[in-house]
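**Student:** Residue numbers (our numbering): 1 to 82.
There is no bait here: all hints are sound.
Straight-line C-alpha distance at most 25 Å; calculated BS3-like pairs for lysine-lysine:
1) K8 x K29
2) K54 x K67
3) K7 x K21
4) K54 x K21
5) K3 x K21
6) K29 x K7
7) K3 x K29
8) K8 x K21
Keep in mind that the hints were calculated from the coordinates and are not lab data.
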Amino acid sequence: MNKEELKKYLEGMELEEGLRKVLFEIVDKAEAVNNTLLDTIADILDLQADFYDKSADLLDEEAEIYKTLAEDLNALPESPTK
Numbered sequence: 001m002n003k004e005e006l007k008k009y010l011e012g013m014e015l016e017e018g019l020r021k022v023l024f025e026i027v028d029k030a031e032a033v034n035n036t037l038l039d040t041i042a043d044i045l046d047l048q049a050d051f052y053d054k055s056a057d058l059l060d061e062e063a064e065i066y067k068t069l070a071e072d073l074n075a076l077p078e079s080p081t082k
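Please take these sequences and the hints and turn them into a complete structure.
**Tutor:** Structure representation (structure tokens):
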């Protein structure tokens, strides 16, 4: 696989535009497509996946907080009407 083929392969992935640009720069600056380059790209993609996993965990935690707040609000007694 040459650099252009690798870039075409990366284009087929659903990547954020900023990440795609960074990966293309790495490919362009590499001497050749070799295991070191492929491992570097794989490491970057693993880090991005970890970021999304952590983000999802944080969103789940935040959703639980809001769910609890809503339940607490629903449990409050109504004020008497005058």
